[in-house]
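K.L.:
Given chain Z, put chains L and H in place with the hints provided.
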Amino acid sequence: MKLVDAGGEPTKNESMPGVAIEIENLTKDYPTGFLNLKTRRSLDALTMQVEAGEVFGFLGPNGAGKSTTIKLLMSLIFPTAGTARILGKPISDIGMHQDIGYLPEQPYFYDYLTASELLDYFARFHDLKEADRRERVAKMLKKVGLETAGKIQLRKYSKGMLQRVGLAQAILHEPQVVILDEPMSGLDPLGRREVRDIILELKNEGKTVMFSTHILSDAEMLCDRVGVIVGGKLRGTGAPGEIVGIAAQGMEILFELRGDAGAAAALVNKATRTGNRYRMHVEEQELYAVIEQLRSAGAKILSVTQVKATLEEYFLHLVEADRAQAAAVEVYGK
Amino acid sequence: MNNWKSIAGLLIFLPLGYAGIWKLQHSIDAQRAALHQEQDDLSLRSAKMVKAISLEYAPLMADVYWTRVVQYYGDKTARRERNVELLWPLLDITTTLDPQLIVAYRFGATFLSEPPPRGAGRPDQGVALLERGIQANPDEWQFFGDLGFIYYFETKDYAKASAAFLEGSKKPGAMIWMKIMAARIAAEGESLATSIFLWNEVYTTTTDPTIKKNAEKHLRLLKVEQDCKLIDAVADEYEKRFGRRATRMSELIQSGLLRGEPVDSLGYSYVLGEDGKAELNLDSPLLEEQLLSQPKKKSPEVH
Amino acid sequence: MKRAAVVALNTFREAVRDRVLYNLVFFALLMIAAAILVGQISIGIEETVIVTLGLSAVSVIGLLIAIFIGVGLVSKEMDKRTLYALLAKPVRRWEFIVGKFGGLVLTLAINTAAMAAGVFVALYYVRHSLQRSDLTILIAVYFIVLKLALVVALALLFSSFTTPLLAILYTAGLYIAGQFVEEMRTFQSLTGSHALASFTKWLSYLLPNFENFNVMAIAAHGRSVPASLILQNTLYAVLYCGIVLSATAVIFSRRNLK
Chain Z
1 MKLVDAGGEP
11 TKNESMPGVA
21 IEIENLTKDY
31 PTGFLNLKTR
41 RSLDALTMQV
51 EAGEVFGFLG
61 PNGAGKSTTI
71 KLLMSLIFPT
81 AGTARILGKP
91 ISDIGMHQDI
101 GYLPEQPYFY
111 DYLTASELLD
121 YFARFHDLKE
131 ADRRERVAKM
141 LKKVGLETAG
151 KIQLRKYSKG
161 MLQRVGLAQA
171 ILHEPQVVIL
181 DEPMSGLDPL
191 GRREVRDIIL
201 ELKNEGKTVM
211 FSTHILSDAE
221 MLCDRVGVIV
231 GGKLRGTGAP
241 GEIVGIAAQG
251 MEILFELRGD
261 AGAAAALVNK
271 ATRTGNRYRM
281 HVEEQELYAV
291 IEQLRSAGAK
301 ILSVTQVKAT
311 LEEYFLHLVE
321 ADRAQAAAVE
331 VYGK
Chain L
1 MNNWKSIAGL
11 LIFLPLGYAG
21 IWKLQHSIDA
31 QRAALHQEQD
41 DLSLRSAKMV
51 KAISLEYAPL
61 MADVYWTRVV
71 QYYGDKTARR
81 ERNVELLWPL
91 LDITTTLDPQ
101 LIVAYRFGAT
111 FLSEPPPRGA
121 GRPDQGVALL
131 ERGIQANPDE
141 WQFFGDLGFI
151 YYFETKDYAK
161 ASAAFLEGSK
171 KPGAMIWMKI
181 MAARIAAEGE
191 SLATSIFLWN
201 EVYTTTTDPT
211 IKKNAEKHLR
221 LLKVEQDCKL
231 IDAVADEYEK
241 RFGRRATRMS
251 ELIQSGLLRG
261 EPVDSLGYSY
271 VLGEDGKAEL
281 NLDSPLLEEQ
291 LLSQPKKKSP
301 EVH
Chain H
1 MKRAAVVALN
11 TFREAVRDRV
21 LYNLVFFALL
31 MIAAAILVGQ
41 ISIGIEETVI
51 VTLGLSAVSV
61 IGLLIAIFIG
71 VGLVSKEMDK
81 RTLYALLAKP
91 VRRWEFIVGK
101 FGGLVLTLAI
111 NTAAMAAGVF
121 VALYYVRHSL
131 QRSDLTILIA
141 VYFIVLKLAL
151 VVALALLFSS
161 FTTPLLAILY
171 TAGLYIAGQF
181 VEEMRTFQSL
191 TGSHALASFT
201 KWLSYLLPNF
211 ENFNVMAIAA
221 HGRSVPASLI
231 LQNTLYAVLY
241 CGIVLSATAV
251 IFSRRNLK
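Residue numbers (this note's numbering), protein chains in the order written: chain Z, 1 to 334; chain L, 1 to 303; chain H, 1 to 258.
Hints listed in this document are in silico derivations from the structure and should not be mistaken for laboratory results. If you're wondering where the values come from, they're calculated on a predicted model, not measured in any experiment. Be aware that one or more of the hints could be misleading.
As the list claims (entries may be wrong) - Simulated crosslink set (EDC-like; lysine to aspartate or glutamate; CA at most 16 Å straight-line):
| no. | chain 1 | residue 1 | chain 2 | residue 2 |
| --- | --- | --- | --- | --- |
| 1 | H | 2 | Z | 127 |
| 2 | L | 179 | L | 167 |
| 3 | H | 201 | H | 182 |
| 4 | H | 258 | Z | 105 |
| 5 | L | 213 | L | 201 |
| 6 | H | 201 | H | 183 |
| 7 | Z | 129 | Z | 174 |
| 8 | H | 80 | Z | 105 |
| 9 | L | 51 | H | 211 |
| 10 | H | 2 | Z | 130 |
| 11 | L | 217 | L | 288 |
| 12 | H | 258 | H | 79 |
| 13 | L | 156 | L | 188 |
| 14 | H | 258 | Z | 29 |
| 15 | L | 51 | H | 182 |
| 16 | L | 48 | H | 183 |
| 17 | H | 76 | Z | 111 |
| 18 | Z | 270 | Z | 252 |
| 19 | Z | 159 | Z | 188 |
| 20 | L | 217 | L | 264 |
| 21 | L | 156 | L | 124 |
| 22 | H | 80 | Z | 111 |
| 23 | Z | 143 | Z | 174 |
| 24 | Z | 233 | Z | 44 |
| 25 | L | 277 | L | 232 |
| 26 | L | 277 | L | 225 |
| 27 | L | 51 | H | 183 |
| 28 | Z | 142 | Z | 174 |
| 29 | L | 48 | H | 182 |
| 30 | Z | 139 | Z | 120 |
| 31 | Z | 233 | Z | 24 |
To be verified - Per the computed footprint, the stretches of chain L lying under chain H, defined by three or more beta-carbons under 8 Å from a beta-carbon of chain H, are:
| no. | segment |
| --- | --- |
| 32 | 55–64 |
| 33 | 89–103 |
| 34 | 207–219 |
Ideal placement from N, C-alpha and C gives every residue a C-beta, glycine not left out.
Chain Z on its own, in the form it takes in the complex:
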């Protein structure tokens, strides 16, 4: 089980070859409270890398700091501390945006423009010639399935359509790195599939894709690596399977017991009971010992299955732990 933990990597002065996005100690505090005198740390010393050519999933519950991180990367907000580089250039270098594509969370665009006009408008910032622009715009509209809606004003677009336009404007200029903030949100399953397809297409073209989501199944399906962030802190990065490896694995025993448990009473009490049926969770190592005990108590073993922890549980586990800690802090003071 290999887990790449948060922190621990020594600082490097130059970006490593093969690293598309490098984040180091990125911190963001927001002023809160009366007269904005207090601060709230929404991102705490994030250090993370996204390799070139990989699909990286940035996971976390709402408010964990995913959007904050992405906005920091795009220079929409500015860090309290720390640095980041994309394609070797510091994030303060706006020229670097030539090679990045960005899809904001819940995108909204100028509703008085049509999709073609919007894409054309954005394309102008990438110094594309007019003929080039027209071609690309048409290509993009087709790619995201909006070719028939190109001349309709965006004010008439549904949420799903807006999401697609957002995606189109993010990849219009064929950027090396594509950063998507909650790209699947608000889409129906068909839409989600289309977005997934596009992300895979990008990967095949050798582009780097980083996207944030709280829908874990998408991450499991698409990502080469994921990073998990909860409460502003990075909890771990690694391949989806690896992360999951942390969560408690184990076995689940389903058994039936009539009458008294006898010697195994203490053990049986740990199980969940429905009538005469019990369900119990045990660590892998203890499996045979427990089965033995149950059999001696006269239980009938109905099934034994391996519990494959999902990212979901890992998540919830982390969130619960966080909340418990926060509560403890509250109760016991700072």
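P.N.:
Just chains L and H, lined up with the frame of chain Z:
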């Protein structure tokens, strides 16, 4: 079905409603007319305050106040009211808002100075207004003409009148008569010929209908004076020839000294008064005008 | 700079598609037609009224557009988050500000020209001729455009760091204060305190002096405006706008979006 009902209902209610409004408004108007004294109010008297509030729209506000001036004056005249006390404040505000609104100064000069019922009877205010106008528009020769006018007709200060005409004559575009008037008044003081000339100038050159009408009235009365003077001269001649004063106009005509029956500009024949001097016919509307405009003397000194 | 032009043209396109603008311009033209009517009532000032009412309409409508739409330029984009995708492009924050400014000023210039044409039509209708002295009206309109540009710059400045409502109030307030700058200088002779007097005087030079651009009376009476004033007012507007826009660019460049 409901749609039709509500539309039909509206079609009935609207005209009824408006009929009610129409009637109501008439009675409100009647009530307000009865209280018309209160309409005579100028809530903001401070010219500076009005200018401050107007921001950069002062010239537009000046136009609005100017319209009020004309309306106010016309109203008062129509009602034959002598009290035009709001004239000065209104003109004060108008000229403060737009110091280059020439017509306001000229109007004010005339109707502030003229004695009631035609004006406010305040030549001092007229002069003050004009002096303000001259400060803001130093090349406006006509202001000097107006100034001379006030000194000549109202305050009877012939020295100042002459000086005003003289200074005005030096301004660009000034008419030659300004210089001539300056000299004449300096020499003769008041004279019928001068008075007629000045009023005639106003009558022929003004574009403001109110001022024009006023000038016309003055000219008619001056013509009466002129006519009476001529008739008196004939009567004197009669006395010389026949040893007694004529008592009827017909005697003068029969004697051959007067050709035809002398009539005033409205067509009413002149009559001879008790003192043997020519007078307006009792029927002539000009008589009322003449009586109204006589604060002191009846006719100028005969030189 | 080229990217600023791209933003400017898009801002202009947005204004053109905004129906509110047409209603306002139509209203102004209505006012000008009314001026002809009003002129018939007011004796002796038929032409004067057309010019004063016409220019007032142009100025008021222009101010409404400059303040309300000016404040909205940045606020709307931040509220609706249309700004996010845009700033992710290789366009710098200052280019965005300059582009917005340019787009709205262009819109205002064209609207003002349209309304000014209305004034001339009304004048011709009443007078059946156009004279050389009418040129002053054009200059008055040009000064209005300069003034509006300055108001747009101020609206951008305030909206870059306060809420839309406050930005509107500050901009309008500064505009009104700017009408009384000369009074501020004479104020010093009324007050006893020397310190207060010099502070007020100093302040009067810092505040944008909108009185410079008021030549309505001169235009209404057909007098002429010296060429040196035209040049100086243009320079004043350019310089002051430059100051305000630089400040705006700096503030906006540091602003954390929501």
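K.L.:
Hint by hint, note whether the structure agrees.
P.N.:
Here is how each hint holds up against the structure:
1. H:2 with Z:127: Since the Cα atoms of residue 2 of chain H and residue 127 of chain Z sit roughly 10 Å apart, the hinted pair holds (cutoff 16 Å).
2. L:179 with L:167: Answer holds: residue 179 of chain L to residue 167 of chain L is near 9 Å, not above 16 Å.
3. H:201 with H:182: 9 Å, holds
4. H:258 with Z:105: Answer holds: residue 258 of chain H to residue 105 of chain Z is near 12 Å, not above 16 Å.
5. L:213 with L:201: Within the cut-off at roughly 13 Å; holds.
6. H:201 with H:183: Given that 16 Å is the threshold and the Cα spacing comes to 10 Å, the pair holds.
7. Z:129 with Z:174: Distance of about 14 Å is within 16 Å: holds.
8. H:80 with Z:105: Distance of about 12 Å is within 16 Å: holds.
9. L:51 with H:211: 13 Å, holds
10. H:2 with Z:130: 15 Å, holds
11. L:217 with L:288: With a Cα-Cα distance of about 11 Å, the restraint between residue 217 of chain L and residue 288 of chain L holds, given a limit of 16 Å.
12. H:258 with H:79: Distance ~8 Å between residue 258 of chain H and residue 79 of chain H Cα, so the pair holds.
13. L:156 with L:188: It holds: about 12 Å lies between the C-alpha atoms, which stays within 16 Å.
14. H:258 with Z:29: 13 Å, holds
15. L:51 with H:182: 13 Å, holds
16. L:48 with H:183: 11 Å, holds
17. H:76 with Z:111: Given pair residue 76 of chain H, residue 111 of chain Z holds - Cα atoms ~12 Å apart, limit 16 Å.
18. Z:270 with Z:252: 12 Å, holds
19. Z:159 with Z:188: 10 Å, holds
20. L:217 with L:264: Satisfied, since the Cα-Cα distance of roughly 13 Å is no more than 16 Å.
21. L:156 with L:124: 12 Å, holds
22. H:80 with Z:111: Holds, at roughly 10 Å.
23. Z:143 with Z:174: The hint holds at about 13 Å.
24. Z:233 with Z:44: Holds, because 5 Å separates the two Cα atoms, which is no more than 16 Å.
25. L:277 with L:232: At roughly 6 Å apart (the allowed maximum being 16 Å), residue 232 of chain L and residue 277 of chain L satisfy the hint.
26. L:277 with L:225: 11 Å, holds
27. L:51 with H:183: This hinted pair holds, its Cα atoms lying about 12 Å apart.
28. Z:142 with Z:174: OK: residue 142 of chain Z and residue 174 of chain Z at ~15 Å, within 16 Å.
29. L:48 with H:182: 14 Å, holds
30. Z:139 with Z:120: Within the cut-off at roughly 12 Å; holds.
31. Z:233 with Z:24: Given that 16 Å is the threshold and the Cα spacing comes to 13 Å, the pair holds.
32. 55–64: holds (count 8)
33. 89–103: holds (count 6)
34. 207–219: holds (count 4)
Violated hints for the displayed structure: none, as all numbered hints are satisfied.
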